[in-house]
Structures are given as C-alpha cells and as structure tokens.
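K.L.:
The residues making up each chain are set out below.
Number of protein chains: 2
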Amino acid sequence: MQAARLREIGGPSKLRIEDVPEPEAAEGQTVVRVRAAALNHRDAFITQGLYPNIVLPRILGSDCSGEAGGRDIVVDPTIGWGADERVWSPDATILGMPADGTFAQFVAVPNQNIHAKPDHLSVEEAAALPLGGVTAYRAAFVCGGLQAGETVLITGVGGGVQTFALLYAKAIGAHAVVTSARDGKLERAKALGADVAINYATTPDWHKAVRAAVGAVDLAIDSAGGDSFAKALTVVKPGGRVVTYGGTTGDATIKMFPIFWNQLSIFGTSMGSPGDFAAMLDFVSKHRIKPAIDRVYELAEIESAMQRMDDALQFGKIVLRIPQ
Amino acid sequence: MQAARLREIGGPSKLRIEDVPEPEAAEGQTVVRVRAAALNHRDAFITQGLYPNIVLPRILGSDCSGEAGGRDIVVDPTIGWGADERVWSPDATILGMPADGTFAQFVAVPNQNIHAKPDHLSVEEAAALPLGGVTAYRAAFVCGGLQAGETVLITGVGGGVQTFALLYAKAIGAHAVVTSARDGKLERAKALGADVAINYATTPDWHKAVRAAVGAVDLAIDSAGGDSFAKALTVVKPGGRVVTYGGTTGDATIKMFPIFWNQLSIFGTSMGSPGDFAAMLDFVSKHRIKPAIDRVYELAEIESAMQRMDDALQFGKIVLRIPQ
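Taken in sequence, the protein lines are chains A and B. Sequential numbering of the first sequence, starting at 3, is according to our numbering. Sequential numbering of the second sequence, starting at 3, is according to our numbering.
Fair warning: there could be bad hints in the mix.
No copy is singled out in the list; a pair is fine if it fits within one copy or between any two copies.
Claimed, not checked - List time: in silico BS3-like cross-link candidates among lysine-lysine, alpha-carbon distance up to 27 Å: (1) Lys210 <-> Lys257; (2) Lys257 <-> Lys239; (3) Lys172 <-> Lys288; (4) Lys257 <-> Lys192; (5) Lys288 <-> Lys239; (6) Lys16 <-> Lys210; (7) Lys172 <-> Lys192.
Note that these hints are calculated values from the structure, not bench results.
Chain A extracted, bound-state conformation (with noise of 0.2 Å):
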C-alpha cells in the first residue's frame, strides 16, 4: 500500500511516500481502509525531533475517516486512554506514534477506537474531526464547562482545535472573542460566527481590547502559553475558568493575584478520553456541525501540506485525500 513513511527526524522533508506492506490486524484490532486524514501539528512536531519516544521508521497521521467492515467510519486516534476520565494513563498514546498512522491506504486500530461516521459530514470533513474535535469538545465543555449565554476568548483562531472550539460555542449560543496575527483568519472566524475578532499583532495590548469590547470573559481556551496564556488571565472574570491545551510560544510569566482574588479555576487538557470522544461525536451529529476545512491535499502532496501547517497559513483543518 502507499504511506507517507517517516525514515528520520529533520522536518516535513523527511517524510516519503512508500510502498510498504499491508498492516495486519491483531488481537482487538481492525484493519481500516483510509479515506482521507488530517494534519495536527503534532505530526510537524515529530518530524522535527520534538516529541517522546519517537521510533522510526513510522507511518504518521492520527486523524482519518474511511471504511471498516462495510461501513464509514471515523477513528479515535487515543489508544488506551485508562479508566480515569480525568487524566490519561501513563501507557496510553496517540496513532502515528509509536504506532504507524493514517497517512496511508490502510491503519490497523483497536476496535473500541471505531465510531461510526456522523451521517451529515463528508469523507473529508470526518477526517478533519477526531484530535481537533475531541480536544476543543474537552477544552471547551468538560474542563471549561462553557454554558450558553457565556462569552468565551478563543486566541490564535484559525487552528484547528481553536475553529472547533469556535463552532462549538456558536453552536450552544455562546458569544465567542478571537484573536489571530492575521486578519485573513479574523475574517473567517467572524464568518463562522466569533462576535468580536481581534489582531493581536497589530494590537499589542489586545487583552484590553477584549475587556473594551465585552468585559471580562467566563472563559479562555488558549494554546499559545507565554505572553497569551498571562494575558488571557487577566480578561476573566472572578469565578471564570482558563483551559490550556498548549504552550507553542513558550513559558508564561503570570500574576498571581488576578488568579486567588478573581478565584480562577485554570485547567490544563490534552486530546480526550473514549467518553469525550463519543460525546463529541452526538455532539457534532446533533448541532450538524461541520469542521472548517482549509485545503484538500492529495496524500502525495504531504510536504507542502505540512509547509503550510508549519508556516501558520492554515485556517482550519489540513486534509489528505487518500489514493484508493
């Protein structure tokens, strides 16, 4: 079957397209045949070196719709998750590392990770679903707890988990404040919805841009960590809650004060367990939510894919059209 292998870590480049072997399915597992997948920058990050326990060769990719034994389906990429909803197990991981992943014609899964495709979305917007989705329905809902009527601060729109959380809010009635560096993407977002939409690199001082527009905030979903997770603190309102799924801009330098005086409640999540996934999923199928999808690439064009992943041009989920 084609793959898009990793042989060795030095970035996008690295990865080929191969002919490799079948995978065969083992005790529990069933062998799917691939659709479409998606691009998280997590497979950017394993290109480059920047992730634990990185084995090579691998096939990449932990996103994909496609076909299990006669039906469409999508995969929950979160293998062994354990049985504590509020944190994953030591032993759990991700597919496409360590294990070989989407970005190929056929991935072998765990049959417990099978869910059927949501009936209104199509090949590829299901692939653009599982990570985004789940981590944004967990940032967003079980740990940030977003009601109706609320307002949320979604930074840096325009990634994939920050669309999904985007589409969720606007979903339930949630009023939704964005940022991004770039006005292309703010004008997306307002297109789906974001009530205000905020240039944070032409508006240095963006936090108190947010607090002219609606006040303080119920609550924040950032990824960016440093100077955005410390602003995002101090737009919150006493009671609020701040969820971080990321720290691409490195370390924070935060105040203390605006966190036990406002009595903040700040949550840190990564991907979600099988019982956010499945809720998730209702979740999407209910609301007839469709991910923001930037580009359809094919799976041979998977370097120029992953380029404008690394070069922040996407607004959105990248997806891969999977030879069949």
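On the provided structure of chain A, position chain B as indicated by the hints.
P.N.:
What follows is chain B alone, placed relative to chain A:
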C-alpha cells in the same frame, strides 16, 4: 473602649492603642464583646498601604472570639460574600477594613456572621480560627478536593493557613509534605504530623527532593507564588490539583507543558463563603482540631506581635488577648 487603631499608613508602628467610643449595632448587626483576636498578614499589608480601599482612621483585625447574647462565639470575617459559592461578590469585604475590626473590646458585625464557638477550643484557640481556618478549608477541600490517603504538598508551613492545611490533612488521613526556610518550623510541623519536611533555603531543588521522597503529590497548596508556585506545578501527579491563595514572592514563570500534558487543575482561592465557614467549624469540631498558636500577646503589645509576623518568625497564629 480600648482599640488598636491605624491613623496613617506607615507600617505596624502606626497602630495606636486608643480610647474610642463603643460601636453601636446597625440594623441586622450585633455588638460582640471581644475576648481574643488574631493577626493576619492582611493587617500588616493594610498598615503598609498595600490594600485597596483603605479608609482611616480604622480599627484593624479580622479574627476574634468573644461573647454575644450570653453565648461564646466566633465571627465569620467575610461580609457580604453573596450567592455564588464559586466567588465572592464584588461588594464583599473583610472585617477590619473598611469596617472597624476586632482589635478592640467590642466590634459590630452582621448577625449572620456570628457562630457558636467550638466547645473544645479555648478563647485564644477560637480566635485563631476564622480567616486562616476557612481559607485553608476552602483551599484543601472545596477547591483542592483532598482525600484520605492522598499526598498534599504544603509550601511555606508556619503561616496560619498552611498550618491549618497541615492539621486538616492529617485529620482526614492524608500524607503531608511541608517546606519552610526554617528548621525550627519544620520540626514543629513534624510534631503536628508532617510526613516529610524539607528546608527550601538549604535545598533549592526542593521540588526534586519532594519527588525523591514521595514521588508525585496529588495536591499542592501554595501562597508564595513566584518560584514556589512554579516548582509546585512540577511535583503534582497527572490529573492532580494545585491551589494558590497568595503571591507574596511575586510573579511566577511557569512551563505550560506539565500543565496541559499532565491535565492539571489549578484553583485560585481567597477566604471562604458562609457555607465554607460553617463546614469548616463542623469539621474542626468533629475532628477536635486545635489551631497551632504561636504566641499570645496583650493588645497593648500589638506592634511587637505584628513585627513577629512581619519577620515570618511565627509558627501558627499570633493571638491578642483583649482586656476585659
């Protein structure tokens, strides 16, 4: 009546023992005869002008035990918390600023803030309880969710709240790791049941020493902020909790990765709700917890008492005996 009144900003030396008129009960208030009062850092901060909305002259003091309506009582010092258990109302205040406080022979307080003194406590022990006791209760249980068998890290033991947290943890059968810059305080903490005691002044990598001693902890309680808070984040196990109720050493520079990867929850807290206060009294009575009292001073010695707190020499609460 005699009272310790602050006439001008400038530190504890600006407190004067004066003869002032007895307070009168406004609508919904009761005048309490104060038997004993206790110091909080808040009182020292106010003398230094480090608090919002300071009105002078004022009688300071948030904690007391005493007598009202022929009953032995303690006073909940949080006035007007409001209906939301998660956070106090913007109008909430603490006894002792802006309203006259407990460093006096009499104090007027809202009727609903008066509670029966736990039977097993002396007048001095009961005076030590309110603000530190409720802050620690909310930090350890309401926010921190501490359970029997879990391990809690308590940084900077010796302060009132942290010492209550230690007593509470041991009362329910949790394990406690404490830190301090003073060996004398560590010895006192061990005598109260601390399982592991680490001097953070002589062991700058105390967070590594915590891990070496007990592995990771379920909960960390910190009020120092800065480096202390940042290090506390690194010793909490996946899915664990960190509670902060202060930031005396300043801003904290934190790594985002352990927060989101380990799915930590961080809770800021200040004081406690009326429900927390009542629950704290029940808990203290049920477990017959005796507050750790550092020293008892006469009201006239308040400057020396404040100086001891300012020098961080105390272990537990510093109490003032009020002349009758």
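K.L.:
Give a verdict on every hint.
P.N.:
Here is how each hint holds up against the structure:
1. Lys210 <-> Lys257: Close inside one copy (16 Å) and across copies (24 Å); limit 27 Å.
2. Lys257 <-> Lys239: both (15 Å within a copy, 24 Å between copies)
3. Lys172 <-> Lys288: Answer is within: at 14 Å inside a copy they meet the 27 Å cutoff, but 48 Å across does not.
4. Lys257 <-> Lys192: neither (31 Å within a copy, 32 Å between copies)
5. Lys288 <-> Lys239: neither (30 Å within a copy, 36 Å between copies)
6. Lys16 <-> Lys210: Neither. Shortest intra-copy (43 Å) and inter-copy (38 Å) distances fail the 27 Å Cα cut-off.
7. Lys172 <-> Lys192: For Lys172 and Lys192, the Cα distance is within 27 Å only inside one copy (11 Å; across copies 53 Å).
When held up to the earlier numbered hints, the structure conflicts with 4, 5, 6 and fits the remainder.
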